Every structure is written in structure tokens, then in C-alpha cells.
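**Q** Below are the chains, spelled out letter by letter.
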Amino acid sequence: MSVLVYLESEDNKFKKSSYETLSYGKALADMMETDIFGVVFNCSNTDSLKNYGINKILKIDNPDFNDFSAKKFSHAIVDILKSEKIEVVILSSSANSKFLGAYLSGITDSSYVSNVIELPKSLNPFILKRTCFTNKAFSQTEVNSDLKIISITSNSFGLIENLSDPVIESLNINCVDSNHKILNIEKETGSVTIADAEIVVSAGRGLKGPENWNMIEALAKTLGAATACSKPVSDMGWRPHSEHVGQTGKPVSSNLYIAIGISGAIQHLAGINSSKIKVVINNDPEAPFFKAADYGVVGDAFEIVPALIEKLKARK
Amino acid sequence: MNILVCISSVPDTTSKINFVDNDSKFDINGVQFIINPNDEFGLTKAVWMKQSNNASVTVLTVGEASVETTLRKCLAIGADKAIRIDCLPKDGYSVAKEIESHCNDVSYDIIICGRESIDYNGGIVPGLLAGFLDYNFVTNCVDLNVDGKKAVFSREMSGGTEISECELPLVVGSQKGLVEEKDLIIPNMRGIMMARQKPLDVITAKGISSLTEDKKFIKPEPKSEVKLVKANELDQLIDLLENEAKVI
Ligand SMILES: Cc1cc2nc3c(=O)[nH]c(=O)nc-3n(C[C@H](O)[C@H](O)[C@H](O)COP(=O)(O)OP(=O)(O)OC[C@H]3O[C@@H](n4cnc5c(N)ncnc54)[C@H](O)[C@@H]3O)c2cc1C
Numbered sequence: 001m002s003v004l005v006y007l008e009s010e011d012n013k014f015k016k017s018s019y020e021t022l023s024y025g026k027a028l029a030d031m032m033e034t035d036i037f038g039v040v041f042n043c044s045n046t047d048s049l050k051n052y053g054i055n056k057i058l059k060i061d062n063p064d065f066n067d068f069s070a071k072k073f074s075h076a077i078v079d080i081l082k083s084e085k086i087e088v089v090i091l092s093s094s095a096n097s098k099f100l101g102a103y104l105s106g107i108t109d110s111s112y113v114s115n116v117i118e119l120p121k122s123l124n125p126f127i128l129k130r131t132c133f134t135n136k137a138f139s140q141t142e143v144n145s146d147l148k149i150i151s152i153t154s155n156s157f158g159l160i161e162n163l164s165d166p167v168i169e170s171l172n173i174n175c176v177d178s179n180h181k182i183l184n185i186e187k188e189t190g191s192v193t194i195a196d197a198e199i200v201v202s203a204g205r206g207l208k209g210p211e212n213w214n215m216i217e218a219l220a221k222t223l224g225a226a227t228a229c230s231k232p233v234s235d236m237g238w239r240p241h242s243e244h245v246g247q248t249g250k251p252v253s254s255n256l257y258i259a260i261g262i263s264g265a266i267q268h269l270a271g272i273n274s275s276k277i278k279v280v281i282n283n284d285p286e287a288p289f290f291k292a293a294d295y296g297v298v299g300d301a302f303e304i305v306p307a308l309i310e311k312l313k314a315r316k
Numbered sequence: 001m002n003i004l005v006c007i008s009s010v011p012d013t014t015s016k017i018n019f020v021d022n023d024s025k026f027d028i029n030g031v032q033f034i035i036n037p038n039d040e041f042g043l044t045k046a047v048w049m050k051q052s053n054n055a056s057v058t059v060l061t062v063g064e065a066s067v068e069t070t071l072r073k074c075l076a077i078g079a080d081k082a083i084r085i086d087c088l089p090k091d092g093y094s095v096a097k098e099i100e101s102h103c104n105d106v107s108y109d110i111i112i113c114g115r116e117s118i119d120y121n122g123g124i125v126p127g128l129l130a131g132f133l134d135y136n137f138v139t140n141c142v143d144l145n146v147d148g149k150k151a152v153f154s155r156e157m158s159g160g161t162e163i164s165e166c167e168l169p170l171v172v173g174s175q176k177g178l179v180e181e182k183d184l185i186i187p188n189m190r191g192i193m194m195a196r197q198k199p200l201d202v203i204t205a206k207g208i209s210s211l212t213e214d215k216k217f218i219k220p221e222p223k224s225e226v227k228l229v230k231a232n233e234l235d236q237l238i239d240l241l242e243n244e245a246k247v248i
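For the protein sequence lines, the chains are A and B, in the order given. Sequential numbering from 1 applies to the first sequence in the numbering used here. Sequential numbering from 1 applies to the second sequence in the numbering used here.
Keep in mind that the hints were calculated from the coordinates and are not lab data. Since this is a predicted model, take the numbers as computed values, not measurements. Check each hint, because a few of them may be wrong.
One-sided and incomplete, this derived list gives chain A residues near chain B with beta-carbon spacing under 7 angstroms [said to hold, decoys possible]:
1. F14
2. I107
3. S114
4. F133
5. A137
6. Q267
7. V297
Quick list of in silico lysine-lysine cross-link-like pairs, DSS-like style, CA-CA up to 25 angstroms [what the hints assert, rightly or not]:
8. B:K246 - A:K313
9. B:K149 - A:K181
10. B:K206 - A:K291
11. A:K121 - B:K219
12. B:K149 - B:K50
13. A:K291 - B:K16
14. B:K230 - A:K208
15. B:K216 - A:K121
16. A:K129 - B:K223
17. A:K311 - B:K227
18. B:K25 - B:K90
19. B:K81 - B:K50
20. B:K81 - A:K291
21. B:K230 - A:K276
22. A:K129 - B:K25
23. B:K16 - A:K129
24. B:K216 - A:K276
25. B:K150 - A:K181
26. A:K129 - B:K227
27. B:K219 - A:K276
Glycine included, each C-beta is placed from N, C-alpha and C at the ideal position.
Whenever a hint applies, use it, and build me the whole structure from the sequences.
**A** Structure representation (C-alpha cells):
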């Protein structure tokens with residue numbers, strides 16, 4: 001029984017999260033003493049995959065799969081599940097992967113476990129560690145489904161290089177019919193998305209107004225980071241909803257999270273706590289964020305942020 | 001048009017998270033339960049559709065009698081009818097199966113579930129339900145317009161928004177954006193009084209077994225003390241991030 005990884009790509013390039021899911025898949029396959037396969041939709045150059053231990057690349061090249069669709073992609077994966085003996089399907093935690101994972105488990109009548117952060121503690125029983133209560137706790141979850149579909153939290157496992165010499169197999173898979181049609185995709189160009197980012201620069205009500213976000217964007221640009229914000233900032237329309245992070249917004253699990261003018265309310269912290277390193281910049285030394293952060297600067301963001309940008313630029 | 005909104009009753013966002021029975025169960029002692037925020041955005045949208053689409057709105061929870069307070073609140077917000085499937089929810093799979101079984105008895109044009117719950121965060125019920133029922137499915141939904149048998153909707157995806165259309169029936173994973181925070185309905189006295197008259201049916205569960213089980217909960221290690229850097233010594237912060245934390 002093998003392991004299958006869904007290798008997400010965009011514009012003919014793999015997402016970084018694909019390499020992480022593959023690294024995890026390889027480690028799991030080693031534990032299970034089995035092979036690791038990957039499924040690729042319309043991504044022609046698969047060379048980079050061999051750095052992460054893959055044994056077989058299952059390529060689907062068919063324009064019907066150009067746009068992501070949870071239904072179409074799931075049914076294609078079901079076709080693979082019929083021909084290959086697969087016990088575990090691994091996905092990332094991107095919006096599309098979570099969309100796919102839940103639907104795939106529906107049509108295969110199996111379990112879907114999301115927010116997984118480690119390799120299984122044991123295989124029999126199959127016990128996974130995942131975050132729950134929005135990062136306020138972990139659960140050791142026993143999975144009793146023949147087919148196990150799991151999503152890995154980004155940046156929880158990291159990349160592990162492992163050279164391999166994969167077999168490449170082109171699959172001829174028909175796309176299922178669906179009356180669900182994509183009309184338009186509005187892309188935010190040029191910016192890093194929160195889900196893919198290694199660094200997130202986030203700002204709150206302490207910034208006083210939307211006109212003051214230039215320095216936040218400049219800091220993010222200097223660091224190659226995504227921008228995010230606290231809930232009231234998006235509720236007031238200072239920033240788009242897509243930037244709202246926290247318990248009721250997007251989860252963040254970046255390597256570095258920089259919070260500027262954010263007090264550190266419990267609901268905010270819940271959503272960002274699985275980030276590895278947290279930095280807070282706040283003029284109130286009593287702000288609760290200082291209790292959750294690794295590094296902190298007490299002071300006025302309007303002075304600190306521009307100075308920090310200068311120093312970061314000078315360093316490069 | 002019939003709309004079903006699946007409601008999860010979750011600990012209030014400020015709740016202390018503790019566990020009992022050898023860390024195998026969530027400690028509900030002193031915890032206030034609320035409508036899962038992602039579900040509440042969906043419920044509000046459904047209530048709006050009573051006007052715009054002449055819809056009838058049913059709310060449903062899989063849970064024990066204690067969740068009826070949450071269902072009554074949904075009725076006060078504007079749902080027409082409530083259903084409780086009587087059992088202790090075990091995992092997303094068994095919950096989705098119970099809901100599927102109800103949807104095989106009563107058909108709905110639109111089924112709305114929160115994108116994920118803020119307690120177990122599985123993000124699993126809407127997708128499973130759509131898969132079980134073979135309905136169209138959208139999650140992270142931030143806009144929905146229904147005209148006759150056709151729905152046009154948007155979903156937030158990484159790096160953008162996707163707009164699409166499909167025929168009903170449709171399962172929707174709701175979140176903020178479907179309606180705004182300021183649009184959430186706070187029940188007034190009249191709503192609360194009316195809610196008492198509205199039907200709340202209890203259905204016997206099918207008793208479907210779960211596929212996953214939380215064996216043990218673990219709380220995060222206490223955080224070590226923050227390292228403070230002076231505002232005029234930012235070089236030190238950069239040095240720490242570069243050489244100690246190794247994140248830039
Ligand atoms: C059900 C529920 C769900 C919620 N979900 C979320 C969620 O998902 N995400 C979320 O973020 N919140 C959430 N909240 C809201 C949360 O409780 C807080 O209200 C919110 O996080 C506060 O945002 P803030 O830190 O930007 O603003 P504030 O709390 O107003 O903090 C602003 C901070 O900026 C500092 N400041 C002011 N001026 C300066 C300056 N010149 N330089 C430096 N610092 C300065 C202040 O000292 C203060 O600490 C939720 C609340 C509820 C009830």
C-alpha cells in the first residue's frame with residue numbers, strides 16, 4: 001500500500017508547499033516501507049520533484065484540468081486510487097488543497113484529517129498529531145479509515161532533500177462532467193499570499209488609518225513577505241478581508257510573523273500561534289502580544305518601521 | 001427554495017481550553033457556547049435569502065440537548081425551523097453522515113455549513129457532505145447569488161478570488177465576506193419571543209460510527225520570555241532574526 005501526494009502547481013510551476021508535502025510523504029513512505037507517488041495536473045517540467053525522493057510521477061496532461069476544480073480533480077484521483085494501491089493521500093493546507101481533501105474524502109467515503117503537523121506517532125494504530133482549538137491545543141488523532149486523506153500545515157515539516165530516480169507515467173484520464181463553470185478568476189498580482197508566505201508582516205488598529213499602510217507594504221516588500229491585518233482593520237474596510245488573520249480569519253503558520261500595532265487579543269493570537277517566530281512592535285509595554293512573542297520592540301511603529309526598512313535595505 | 005444551515009455550537013473565543021478524563025475530552029466546565037462564527041455568516045446570508053429568494057430556512061445541529069440554546073438563538077436570528085439530530089458528535093465524518101441521512105429524507109436546494117469550526121478546525125463537514133450527496137460544492141465562499149435553479153458565487157483562493165456558476169443543489173462553506181461583520185443579526189426581544197413558537201424537531205440519530213478519534217489532547221508548552229530590543233537598537237533585532245532565529 002503506497003502513499004500518494006497531490007502536487008499542486010500554478011502557471012506550470014510547483015508550489016513550494018508541494019515540496020513540503022512530498023518531503024513528508026517520502027518520510028511517511030519510509031516509515032511504512034513503501035513507495036511514494038505524486039499526481040501532477042498540467043505541469044510539464046517535473047525535474048525538481050526528484051530532489052524530494054519521489055518514486056513515481058503520475059502526470060495528467062489534459063486541458064479540461066486547466067482550472068482547479070475540487071470535483072474534477074477528486075474524480076481523477078479516484079481513478080488513480082482504483083489502479084494503484086494507495087493507503088494515504090497527502091495534501092498541503094492551501095485553500096485549493098483543503099477544498100480538494102474534504103471533497104475527495106466524501107466521494108471515497110473515508111476520513112480527512114487536516115492541520116497535521118508531524119509524522120504519525122505509530123502506524124498501527126495510525127495516530128497523527130494535529131492542531132485544534134485554533135492552535136490552543138494539539139490532538140493525537142487515531143485514524144481508522146482504510147484510505148487516509150491528510151493535509152499538512154505549511155512550514156510544519158520543512159523540506160528534506162532526498163535524490164531519487166522517478167518513473168514518469170502519463171495518465172489518460174477523462175474529466176467528469178460538471179455544470180459548475182468558472183466565470184472569472186481575479187488574481188492579486190505581484191503580492192505574496194499569506195498561505196504561501198514564509199514571512200508575514202501584519203498590522204492592526206495601532207496604525208490609525210488605511211493611509212498609513214505604505215510603510216507596512218514597504219517592509220513586506222523588503223522581506224519578500226505577505227501582508228496581513230487584525231480583524232477590526234478588515235471590518236473597518238482599511239484592508240481587504242483576504243488579509244484578516246486570526247481565529248475567524250486566515251490561519252498563519254509562517255516562519256516569521258511580525259505584528260505591528262496589534263494588541264494580541266486571544267482570538268488574534270489563536271490564528272497566528274503556529275508561526276515559528278513572532279516579533280511584536282507596540283508602544284504599549286503591557287500589550288498582551290509581548291507574552292506571546294519571541295522578540296519585541298516597545299515604541300512607536302511610525303518611527304520603528306521606517307527605521308527597520310532602512311536597516312534591512314542597508315544590510316542587503 | 002429550501003435552505004439548510006448546519007450549525008456547530010462551539011466554545012466562545014475567549015474560553016480557557018482545558019481537558020479532562022486523562023486529557024481525552026474537552027472540559028466544558030464554565031465554558032460558554034456560541035454559534036460557530038463561520039456558520040453565523042452563512043445563517044445571516046440564508047435569512048437574507050428569505051426576502052430575496054422567498055427561501056425557507058432550516059437550521060440543523062448534530063448534538064445533545066444542551067445545543068438547543070444555540071438552535072433557539074438561530075431561530076431568533078430568523079431561521080424558520082430547527083432540527084436537532086440527537087447524539088454526541090464524534091467526528092466530522094459521522095456528523096456529515098448523519099446530516100446526509102436527513103438530506104436524503106428532505107431535499108434542500110442549498111446547504112450552508114461554516115467553512116470550518118473554531119474548535120476542531122477540521123474543515124471537513126461541507127466537503128464530505130457534498131461528496132456524499134454528489135452536490136456541487138464551494139468553500140471559502142464570499143459571495144452568493146441565486147436566481148431560479150442557478151447560483152453564481154465567489155470563493156477566496158490563495159492569491160485571488162474565483163467567480164463561478166452552477167446549478168443547484170449546492171453545498172456552501174461559508175465565512176466572513178458572504179455577509180459582513182456589521183450585517184450579523186443581533187436578536188431583538190420580538191425575535192426571541194417568536195423563536196419560542198417556532199418548531200424545533202428532534203430526530204433520532206442513525207448511530208453512524210466515527211472514523212477518527214481524538215485519543216489525547218496536549219496543550220502547548222509555556223512560552224519562554226520575550227526578548228526585548230530597544231527601539232534605537234534595531235540592528236540587534238535584525239541580528240537576532242538572522243543569526244539566532246534564522247528566519248531572514
Ligand atoms: C468572536 C470573535 C472573533 C474574533 N476573531 C478575531 C480574529 O480572527 N482576528 C483578530 O485579529 N481579531 C479577532 N477578534 C477581535 C479581537 O478580540 C481584538 O478586538 C482585535 O484583534 C484587536 O485588533 P488590534 O490589535 O488591531 O486592535 P487594538 O486591540 O485596538 O490594538 C491596537 C494596538 O496598537 C497599539 N498601538 C497604538 N498606536 C501605536 C503606535 N503608534 N505604535 C505601535 N503600536 C501602537 C496599541 O498599544 C494596541 O496594543 C475577534 C473577536 C471576537 C469577539
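**Q** Are the hints correct? Go through all of them and say.
**A** How the hints compare with the structure:
no., hint, in the structure
1, F14, "violated, 14 angstroms"
2, I107, "holds, 4 angstroms"
3, S114, "holds, 5 angstroms"
4, F133, "holds, 5 angstroms"
5, A137, "holds, 5 angstroms"
6, Q267, "holds, 5 angstroms"
7, V297, "holds, 5 angstroms"
8, B:K246 - A:K313, "holds, 18 angstroms"
9, B:K149 - A:K181, "holds, 14 angstroms"
10, B:K206 - A:K291, "violated, 46 angstroms"
11, A:K121 - B:K219, "holds, 17 angstroms"
12, B:K149 - B:K50, "holds, 16 angstroms"
13, A:K291 - B:K16, "holds, 16 angstroms"
14, B:K230 - A:K208, "holds, 23 angstroms"
15, B:K216 - A:K121, "holds, 12 angstroms"
16, A:K129 - B:K223, "holds, 20 angstroms"
17, A:K311 - B:K227, "holds, 20 angstroms"
18, B:K25 - B:K90, "holds, 11 angstroms"
19, B:K81 - B:K50, "holds, 13 angstroms"
20, B:K81 - A:K291, "violated, 45 angstroms"
21, B:K230 - A:K276, "holds, 22 angstroms"
22, A:K129 - B:K25, "holds, 16 angstroms"
23, B:K16 - A:K129, "holds, 21 angstroms"
24, B:K216 - A:K276, "holds, 23 angstroms"
25, B:K150 - A:K181, "holds, 11 angstroms"
26, A:K129 - B:K227, "violated, 29 angstroms"
27, B:K219 - A:K276, "holds, 16 angstroms"
Taken one by one, the earlier hints fail for this structure at numbers 1, 10, 20 and 26, listed in ascending order.
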